[in-house]
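> Each chain, letter by letter, is given below.
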Amino acid sequence: MLRILHQIFRTGIVTEPLPSAVETEIEFIGHRLEDAIRKRFHRSLTIREVDAGSCNGCELEIHALNNPIYNCERFGIHFTASPRFADILLVTGPVSINMETALLRTYNAAPNPKLVIAVGECGYNGGIFGESYASLGGIGKIIPVDVYIHGCPPKPADILNGILKAIEGSEPIC
Amino acid sequence: MNNIISLFGNEARKDNSQYPATVTLYQIPKERFTEAAKSMKTSGARLVAEWAVDETPFGRGFGIYACYAKDSEYLILKTYTPLEDPTFPSLTKKFVPAYRFERQMRSLMGVVPLGHPDSRPWIKHEDWQEDVYPLRKSFDASKSISRVKGEYQWIKAEGEGVYEIPVGPVHAGIIEPGHFRFQAVGEDILNLEEKLGYVHKGIEKRFESISWKEGARLAGRVSGDSTVAHAIAYCMSIESMTGCNPTKRALWLRALMLERERIANHLGDIGAICNDVAFAFLLYQFSILKEKLLRTNYKLFGHRFMMDKIIPGGVAVDINSDAKNEILSEMDWLTNELERLVIIYDENSSLDDRLRDTGVLTTEKAKELSVVGFVARASGQGIDCRIQSPFSPYDHIIPKMTVLNSGDAHARVWVRIEEVRDSIRLIREILNSLPDGKITESLTPPSTDKSGFAVVEGWRGEIVYWIQSGLKGGINRCMVRDPSSVNWIALEEAIHGNIVPDFPLCNKSFNQSYSGHDL
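Chains as they are written, first to last, in the numbering used here: chain F, 2 to 175; chain Z, 25 to 543.
Treat the hints as calculated values from the structure; they're not laboratory data.
Since we're looking at a predicted model, the values are computed, not measured.
You may find that some hints are simply not true.
Claimed, not checked - Derived pair list, reagent style DSS-like, types lysine-lysine, alpha-carbon separation capped at 30 Å:
1) Z:K316 - Z:K94
2) Z:K219 - F:K142
3) F:K142 - Z:K94
4) F:K142 - Z:K173
As the list claims (entries may be wrong) - Residues of chain Z placed beyond 10 Å of chain F at every Cβ, according to the derived structure:
5) S63
6) W178
7) S311
Ideal Cβ placement from N, Cα and C applies to all residues, glycine included.
If we strip away everything but chain F, and leave its shape as in the complex, we get:
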């Protein structure tokens, strides 16, 4: 136990000091994100992530949002297990033929109003997988998309930025 406490004190808060350019951008995005969320979502933004056929690259970067360095929870961003609680669907693609139904069902299970953010080049247009019998292409082919986040995969800071764009562009929800 003492070792754990010692390690906690040694680590300190890794989120706050933001020396490099990338991290400064996160803070900047973060403040705007925080304001927008406070206004529209009472400081709580709940995201359901859906992998509709990705290579898992985008998932790794979405995961990173939860690490202590990006610490997206400080902005009230929380990932939920159930689409029933979701304000936003964060979808990675391309939409595979075998995920089309599951994606539609997840979309329909999320309450209105909801936003859809498509993550990565594949979520935009199928990326390197293109459109074929198995890859149906971008997320927009199956469900309405509010924001596309480019990159292969987009960096965590870019994903936070995309979330901001999504809620800025929408009508006030509450």
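Position chain Z relative to chain F; hints supplied.
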């Protein structure tokens, strides 16, 4: 294994279009295909992969291929089956891994394994038309396929108090999609059946319509977490077909990236496994370490996962002496941080309590299922192709293999810890002996009807590529075998005797790729 070939006398014909020379390919008669498998089994070889190739452009019907490995040797046996009678004898009764390989061959190529115990489709879902065979040359991949009504026949369990839990394809966390069907009594799991294929993107078919160069990018996206390892395997198999020898510097840099990929993924996994037993402290600690490594990757290689940095003929990015020193000091920092956390892991009795004896894959089962990678090494199987069939620089810089016998979740964590330690050592050695020279060699595309084979030990285990060049200078077939293709089924075995709430933990301790399996 070559002794077995001698049993076939004149009936085994060596194929001289197979590269590299160390991996031989023999054609044997179809009726002796299972006999060969039986002899392989007796000799102690494992089935690495089994796949079908539409060779009608060469006027040959369907090729059925089986790759075996024993110690440091890889051997491929093939046989042909005509277009009008696309059948072949099943190897499933000899080798368990053939069970899913053959279901997949039947589903996607339409070649029927005679004597296979399970005729349900695999990868192809029940709402596809049955006569759709995407890997056949006659199939137009650009056309969409129409859906039909169909129902998957699950294995059922009946009895008082028996109930079923369907999980997925959309899971609770931020992970890839797949379906798990449990039959349970109370909290005890009676049976687990996996259904995968949800992220099937037609990768193998896609390879056939893109350039050799573009193929390296696609290989780097078979499984995003293993982008370096897949791209190396792809490039190595083309390079073997064309006689292209990347410079030593390029090979050393590839290994540098491969070991960095291994460290980053292992660190992430160790933390995530601890989190699944409610010890979030180590998740956050390990994810800080992982994030710092990814940032260094971005700074020095231009991409957090080093995607597209491995190209046919070499690597796309070089490092200077400042970068070298930065990585060396990063490794010092990492060692210091890691060892502090390892002590905490080791001393924590709640982790001990939950991870030991959970999700046990016995050494016998591991051998029977021919699993690979850290899953194999945690269950007594000393398989690491960096050691057994080393590609440069691993013939100079020898990795250390950690093999444990308990086969539980703890063993899979501990093998990862030891491998992170060893990868740190390897990176230091790679950098301290980094040869001078250019980083790319020119590569002329392979001529028609040749095939190249390569194995690479990614962080998950042995990745296999077999590529055949086509008539018009392109790819006729690219067979990808991710470690997950053989390891997934081991999870079904390891879960027996466990409770439902421990499933996420068991699954995480295996952490197999859905995308790499589904292709």
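> Does each hint hold? Answer for all of them.
Against the structure, the hints:
1. Z:K316 - Z:K94: 39 Å, violated
2. Z:K219 - F:K142: The given pair, whose Cα atoms are some 25 Å apart, holds under the 30 Å limit.
3. F:K142 - Z:K94: Violated: K142 (chain F) and K94 (chain Z) sit about 47 Å apart, past 30 Å.
4. F:K142 - Z:K173: 22 Å, holds
5. S63: 37 Å, holds
6. W178: For W178 (chain Z), whose nearest Cβ neighbour in chain F is about 16 Å away, the distance exceeds 10 Å, so it holds.
7. S311: It is violated; S311 (chain Z) is separated from chain F by about 4 Å at its closest Cβ, not greater than 10 Å.
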